[in-house]
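*Asks:* Chain by chain, the residues run as shown.
2 protein chains.
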Amino acid sequence: MRLLSSLLSSTNPLPHHFNFPLRNAFSFQFRNFPRLFSMDSSERSLRNALSLKQLAVEAQGDAVRALKAAGAAKAEIDVAIEALNGLKIEKASIEKQLQAVVSGAGGGDGALNRESFRQAVGNTLERRLFYIPSFKIYRGVAGLYDYGPPGCAVKSNVLAFWRQHFVLEENMLEVDCPCVTPEVVLKASGHVDKFTDLMVKDEKTGTCYRADHLLKDFCNEKLQKDLSISSEKAAELKHILAILDDLSADDLGAKIKEYGITAPDTKNPLSDPYPFNLMFQTSIGPSGLLPGYMRPETAQGIFVNFKDLYYYNGNKLPFAAAQIGQAFRNEISPRQGLLRVREFTLAEIEHFVDPEDKSHPKFADVANLEFLMFPREEQMSGNSAKKIPLGEAVSKGTVNNETLGYFIGRVYLFLTRLGIDKDRLRFRQHLANEMAHYAADCWDAEIECSYGWIECVGIADRSAYDLHAHTEKSGVPLVAHEKFAEPKEVEKLVIAPVKKELGLAFKGSQKNVVEALEAMKEKEALEMKATLESNEEVEFYVCTLGKNVLIKKGMVAISKEKKKEHQRVFTPSVIEPSFGIGRIIYCLFEHSYYMRPSKAGDEHLNVFRFPPLVAPIKCTVFPLVQNQQYEQVAKAISKSLTVAGISHKIDITGTSIGKRYARTDELGVPFAITVDSASSVTIRERDSKDQIRVGVEEAASVVKDVTDGLRTWEDVWSTFPHHVSASTED
Amino acid sequence: MRLLSSLLSSTNPLPHHFNFPLRNAFSFQFRNFPRLFSMDSSERSLRNALSLKQLAVEAQGDAVRALKAAGAAKAEIDVAIEALNGLKIEKASIEKQLQAVVSGAGGGDGALNRESFRQAVGNTLERRLFYIPSFKIYRGVAGLYDYGPPGCAVKSNVLAFWRQHFVLEENMLEVDCPCVTPEVVLKASGHVDKFTDLMVKDEKTGTCYRADHLLKDFCNEKLQKDLSISSEKAAELKHILAILDDLSADDLGAKIKEYGITAPDTKNPLSDPYPFNLMFQTSIGPSGLLPGYMRPETAQGIFVNFKDLYYYNGNKLPFAAAQIGQAFRNEISPRQGLLRVREFTLAEIEHFVDPEDKSHPKFADVANLEFLMFPREEQMSGNSAKKIPLGEAVSKGTVNNETLGYFIGRVYLFLTRLGIDKDRLRFRQHLANEMAHYAADCWDAEIECSYGWIECVGIADRSAYDLHAHTEKSGVPLVAHEKFAEPKEVEKLVIAPVKKELGLAFKGSQKNVVEALEAMKEKEALEMKATLESNEEVEFYVCTLGKNVLIKKGMVAISKEKKKEHQRVFTPSVIEPSFGIGRIIYCLFEHSYYMRPSKAGDEHLNVFRFPPLVAPIKCTVFPLVQNQQYEQVAKAISKSLTVAGISHKIDITGTSIGKRYARTDELGVPFAITVDSASSVTIRERDSKDQIRVGVEEAASVVKDVTDGLRTWEDVWSTFPHHVSASTED
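For the protein sequence lines, the chains are D and Z, in the order given. Here the first sequence stands for residues 1 to 730, numbered as in UniProt numbering. Here the second sequence stands for residues 1 to 730, numbered as in UniProt numbering.
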């Protein structure tokens with residue numbers, strides 16, 4: 001325990017992934033700050049030109065007024081006015097150019113397009129009950145959403161695939177721990193003390209705001225809307241945006257005061273910023289004496305079970321444990337819809353590995369993958385993400401180790417198989433100032449959507465931090481053992497203070513001196529040994545006394561002894577891929593959504609191009625017209641689909657077939673079976689709208705094959721006769 | 001709204017399923033009180049005989065002492081002592097008989113056997129990490145448990161089957177709502193005011209206990225251990241046990257005082273009982289002004305979404321919504337392991353139906369099922385549960401309606417397919433005093449385990465209560481519409497108070513009188529009309545004034561008018577099957593567990609006979625001996641199993657094959673593939689230990705077929721050659 005405590009006490013540890021996954025969604029744009037901070041040169045010259053032109057306009061205005069006051073000739077005054085107007089036109093032209101530049105950089109038309117796209121997706125999602133603001137009839141609660149039927153189906157499909165892709169294929173140990181967590185656990189992890197955001201209050205109404213959000217909004221607003229600010233001022237504001245995440249409460253408070261920022265709703269003055277803990281607090285049991293929290297992440301449940309899980313795995317490393325479950329963060333003022341919520345589903349993996357061997361036996365399976373990576377160096381030098389083969393990234397040391405690389409590859413496969421667009425997915429490495437001191441390396445899978453690049457999966461090599469923290473707090477050693485094939489002879493440093501002598505010399509301070517001697521590192525101890533042998537005494541700084549003491553030869557024995565060791569005892573490193581399921585699903589909604597004109601061209605139809613894997617319903621069954629015979633066929637096919645385990649819907653309303661197709665396209669249903677005869681039916685594919693003709697008996701099994709991925713649509717398209725519909729499609 | 005409020009205000013509504021599913025686990029034994037209350041006649045006569053014999057012993061003892069004091073002859077004294085001893089022997093014999101009787105009724109040997117069985121199951125479950133006390137390294141928290149890897153797999157299999165069996169097969173609308181719930185929702189449902197248990201505190205230490213538990217423990221202890229109590233006293237204690245659930249705080253407090261019950265741990269005096277709300281409370285957002293709770297059930301999330309879901313279903317009834325999720329109850333002092341926990345998974349269905357038509361189109365599919373049912377009447381007359389065909393139970397009115405009956409049948413199929421023993425499963429109807437006043441009928445699926453009969457699923461017809469409550473509180477009408485094919489002419493009562501006359505007559509009380517007149521039921525109003533026509537005036541009681549007033553003819557016009565109506569607007573009834581998933585899983589563990597001797601007969605081996613559907617791992621793959629060729633075959637089979645989606649484990653340790661079988665039997669793995677050649681392998685079935693020989697290529701698909709239920713083991717057993725192992729099995 002002495003070793004561990006000295007390791008830990010020398011640092012100021014950050015709790016477990018403070019930044020992931022729902023706290024820094026907006027900060028993506030400030031992280032790669034070298035690029036943003038170095039203001040675009042055209043912007044700088046335009047801002048400078050605008051300032052000069054403004055001065056010229058003012059000077060000419062003064063001149064005109066002076067001429068008028070002096071009663072100058074009308075002709076002279078007219079010339080001066082003409083010059084003034086000319087300057088104003090020039091100024092307006094520069095303003096227009098500047099507006100275009102700053103709009104292109106994040107506001108303006110691009111933002112408007114993103115906003116209207118987001119609204120179109122959002123409207124479709126809410127109208128079809130993919131999600132619903134929770135407790136809507138009671139006016140809802142910010143940051144809480146329900147998944148309605150299709151959203152719930154998508155979510156359970158995503159989770160089922162996650163379980164298949166990670167837990168089953170990698171033989172992970174899945175656990176399921178409660179959300180209610182006693183304080184001691186989250187004290188050990190650091191969350192009780194440090195899981196906070198800085199908050200300011202409207203001094204009159206008490207309304208709370210996130211301090212960094214207000215400052216950020218102020219800066220963005222100024223930069224995008226106020227063209228009169230100087231290029232120096234603009235640079236200052238951009239610098240603040242760049243370092244926003246690193247600002248202390250005092251810094252934030254000072255800036256808020258300096259800029260005169262007030263409460264957005266009331267314009268009232270604001271309090272100084274102070275930390276607000278983001279955990280929902282509660283009390284366990286009736287006594288009120290056992291404080292508890294709703295867990296802010298699922299990982300702690302795995303760490304506290306390490307000992308049992310290691311035993312379950314036959315005391316062998318490496319192994320991974322996994323957990324899917326709810327997590328809670330009492331956000332100060334949630335924005336960004338489904339991306340920043342107060343309760344969400346996490347899926348987390350903790351892969352425990354020997355710190356001396358982070359190779360992965362299956363790395364070769366992913367080494368040839370090539371996708372957008374955004375290493376630290378590229379961010380610092382203002383470049384963009386670029387395609388790098390994963391094998392190269394690991395062999396060149398860009399990615400710290402094979403196991404981390406393996407998970408990056410597996411995450412890439414997971415996300416793209418769900419339907420995430422690979423061109424809007426990048427793996428961004430944390431900058432040095434973003435990473436906890438103990439972390440060996442950390443990469444976020446970021447997905448681009450209308451809100452920007454959103455971190456959806458964090459993949460971190462957290463070294464031994466978490467197991468250390470719980471070992472320290474609980475007193476239960478969370479360690480692994482490596483038995484040596486043959487005992488090994490090792491040299492060990494032995495520091496033996498002679499308490500009698502020390503007691504005589506230092507009396508009440510003896511204990512401090514003994515502890516300081518025992519805590520010496522090997523190098524320091526050997527130097528002391530040498531000095532004592534030559535000088536008989538040595539000055540020694542005891543930090544708990546705050547002064548030097550004089551150590552004499554008889555007061556401590558320092559030696560190196562040889563010992564036989566049968567095993568190595570060590571704390572495993574943990575490599576942690578952590579998935580924000582709700583964020584992935586929201587990005588998937590945006591990536592899957594598109595509009596196409598109706599056949600008549602008079603309206604836009606909404607489509608979600610979900611792959612069958614995630615589609616909420618795999619297939620719909622329609623009788624072409626209301627007719628008892630067709631209905632019977634439809635019901636028989638429905639029965640076969642149920643037996644085959646294919647979720648589907650049967651629609652026997654008399655609505656036109658075009659409308660029925662449109663309805664199911666909007667839910668992302670990939671296939672539709674239309675019954676237009678008693679012997680054969682058509683199967684329509686959602687995106688191509690192509691139709692094939694298949695016998696009634698075969699219909700369910702064809703849909704099952706393409707849904708389960710046993711056959712592709714191209715394959716069945718080339719096998720079955722095509723059906724050309726003149727009238728049925730919209 | 002007037003109609004609704006008068007409906008509701010006339011009652012004292014109980015919140016949503018107050019008794020289900022985790023609050024009355026112990027109470028099962030008291031519910032069928034007529035049976036228990038009417039003391040067994042042999043017990044009564046034995047208690048009486050014992051009292052008499054005790055008196056006789058005392059009298060004879062007095063006689064002996066008197067003889068000795070009087071200096072009687074030794075022979076005379078010896079005769080008296082012999083008589084005393086004879087009486088004592090007779091008394092001991094009666095005590096023994098009585099002990100046997102009371103033991104048979106719940107304590108004694110039966111309890112001991114149940115206790116040791118429970119320990120054997122529990123040890124195996126904990127050792128193999130089916131479950132783990134949560135936060136064990138921090139000494140745990142009562143009522144919180146983790147599922148370890150095999151438990152977690154069983155749970156996710158149970159939930160996947162639930163989704164298949166209910167949501168997919170019935171086309172239910174699944175939703176997923178947050179656990180964090182604002183107060184207003186749970187105020188409407190009644191939980192804020194009434195979701196309480198009665199608690200007492202140790203007056204010195206502050207330790208809390210459930211008041212009813214202490215009284216129950218006292219009564220049971222007395223009845224089972226103290227043979228000297230009179231048969232009257234025993235009857236009294238049994239009566240208390242029978243009515244325990246109905247006792248008020250005052251009644252409980254009086255009994256605790258009367259019996260001198262003290263704190264079990266310290267013997268300190270106890271406080272009076274007072275209600276403790278069982279919800280975990282928290283605060284939403286940073287202001288501290290929005291109180292919230294962790295939901296005590298998932299149902300409310302469905303009710304508040306009724307309007308959207310009804311719309312999603314095309315404004316058609318009936319339809320069902322479903323939700324799987326965590327629920328929370330801050331139990332005062334959780335006991336009974338996995339059966340009474342502070343956080344648990346519920347799976348709930350709310351089936352919305354027209355109150356005028358509760359028929360079910362698929363009832364015929366379950367009508368022929370026959371299983372143990374325990375109707376109210378049978379419980380009252382002291383009989384046992386008996387097998388009744390479901391169709392008969394509904395047609396005779398034992399079960400209120402077809403829809404309720406349909407769900408009872410579906411629940412029976414669900415539980416038995418999971419592996420619940422049908423002879424230890426019964427459907428028990430709620431007694432009149434157990435049911436909420438609004439409920440039409442309610443049946444619990446109770447499963448017998450070592451803790452007794454445990455309610456695991458509640459199936460209730462809750463009529464319109466929940467939708468009414470939220471309509472009332474939110475002001476949003478949660479109603480359904482039935483459009484008439486043709487407008488219907490209806491007669492409607494119209495009560496028109498004449499405010500001017502009433503104002504003159506009643507001044508400040510006018511409003512109370514108007515409201516009371518408008519609130520009259522049809523019958524009362526028509527009687528008033530008749531009286532006014534004959535008598536010109538009538539006495540009328542206004543409850544808000546607490547007195548009669550005199551209504552004269554001109555003060556109110558009462559008439560019946562004919563109106564054309566185009567639709568009927570009504571609040572749907574809800575039929576709610578609600579599943580305590582953790583309880584079902586625990587009972588499944590007990591029903592699946594058995595021991596068999598090892599081959600050598602020197603030890604007991606533990607087996608879980610899980611059906612493949614729920615088994616945590618479907619198959620293990622072993623090379624018979626450590627050998628590279630066999631290992632390669634094993635790995636190839638493993639790969640095929642992964643492709644087929646069969647969860648499995650490969651074990652290439654050198655452990656003896658018998659031990660490896662024993663290990664997997666203990667996890668309930670149904671099949672084991674042993675590689676003992678390069679061309680063919682054996683497949684062993686867990687319970688019979690029978691083995692067949694199958695070609696390497698076929699192995700995975702045979703296991704898939706029997707696992708997916710496409711073939712039975714009997715079927716493959718008759719298809720493939722049998723393998724007789726001399727040495728491999730234990």
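Be careful, since some hints might not be right.
Any copy will do: because identical chains look the same in the list, a pair fits if it lies in one copy or spans two.
What the hints assert, rightly or not - Only pairs whose alpha carbons sit at most 20 Å apart, straight line, appear in this in silico EDC-like list of lysine to aspartate or glutamate:
{"id": "1", "residue 1": "Lys194", "residue 2": "Glu631"}
{"id": "2", "residue 1": "Lys547", "residue 2": "Glu524"}
{"id": "3", "residue 1": "Lys529", "residue 2": "Glu515"}
{"id": "4", "residue 1": "Lys53", "residue 2": "Glu90"}
{"id": "5", "residue 1": "Lys53", "residue 2": "Glu82"}
{"id": "6", "residue 1": "Lys635", "residue 2": "Glu482"}
{"id": "7", "residue 1": "Lys136", "residue 2": "Asp308"}
{"id": "8", "residue 1": "Lys635", "residue 2": "Glu170"}
{"id": "9", "residue 1": "Lys91", "residue 2": "Glu76"}
{"id": "10", "residue 1": "Lys255", "residue 2": "Glu714"}
{"id": "11", "residue 1": "Lys96", "residue 2": "Asp246"}
{"id": "12", "residue 1": "Lys704", "residue 2": "Asp250"}
{"id": "13", "residue 1": "Lys704", "residue 2": "Glu169"}
{"id": "14", "residue 1": "Lys216", "residue 2": "Asp78"}
{"id": "15", "residue 1": "Lys222", "residue 2": "Glu489"}
{"id": "16", "residue 1": "Lys216", "residue 2": "Glu82"}
{"id": "17", "residue 1": "Lys639", "residue 2": "Glu170"}
{"id": "18", "residue 1": "Lys238", "residue 2": "Glu501"}
{"id": "19", "residue 1": "Lys136", "residue 2": "Glu183"}
{"id": "20", "residue 1": "Lys564", "residue 2": "Asp423"}
{"id": "21", "residue 1": "Lys68", "residue 2": "Asp705"}
To be clear, the hints were calculated from the coordinates, so they are not data collected in a lab. If you're wondering where the values come from, they're calculated on a predicted model, not measured in any experiment.
*Asks:* Does each hint hold? Answer for all of them.
*Replies:* Verification of the supplied hints:
1. Lys194 with Glu631: neither (62 Å within a copy, 50 Å between copies)
2. Lys547 with Glu524: within (17 Å within a copy, 96 Å between copies)
3. Lys529 with Glu515: within (17 Å within a copy, 99 Å between copies)
4. Lys53 with Glu90: within (8 Å within a copy, 121 Å between copies)
5. Lys53 with Glu82: This pair counts as within: shortest intra-copy Cα distance 15 Å, inter-copy 130 Å.
6. Lys635 with Glu482: For Lys635 and Glu482, the Cα distance exceeds 20 Å both inside one copy (62 Å) and across copies (26 Å).
7. Lys136 with Asp308: For Lys136 and Asp308, only the inter-copy Cα distance (10 Å) is at most 20 Å; the intra-copy one is 44 Å.
8. Lys635 with Glu170: Classified as between; 14 Å across copies, 40 Å inside a copy.
9. Lys91 with Glu76: Neither. Shortest intra-copy (23 Å) and inter-copy (137 Å) distances fail the 20 Å Cα cut-off.
10. Lys255 with Glu714: neither (60 Å within a copy, 78 Å between copies)
11. Lys96 with Asp246: Neither: 34 Å inside a chain and 79 Å across chains, both beyond 20 Å.
12. Lys704 with Asp250: Neither: 61 Å inside a copy, 64 Å across copies.
13. Lys704 with Glu169: between (22 Å within a copy, 17 Å between copies)
14. Lys216 with Asp78: Intra 46 Å, inter 105 Å, cutoff 20 Å: neither.
15. Lys222 with Glu489: neither (68 Å within a copy, 66 Å between copies)
16. Lys216 with Glu82: Cα proximity of Lys216 and Glu82: none, with 42 Å in one copy and 101 Å across.
17. Lys639 with Glu170: So Lys639 and Glu170 pass the 20 Å test across copies only (12 Å; inside, 35 Å).
18. Lys238 with Glu501: neither (62 Å within a copy, 75 Å between copies)
19. Lys136 with Glu183: Result: close only across copies, 14 Å inter versus 33 Å intra.
20. Lys564 with Asp423: Neither, since 56 Å and 62 Å both go past 20 Å.
21. Lys68 with Asp705: neither (87 Å within a copy, 100 Å between copies)
Checked against the numbered hints listed earlier, the structure breaks hints 1, 6, 9, 10, 11, 12, 14, 15, 16, 18, 20 and 21; every other hint is satisfied.
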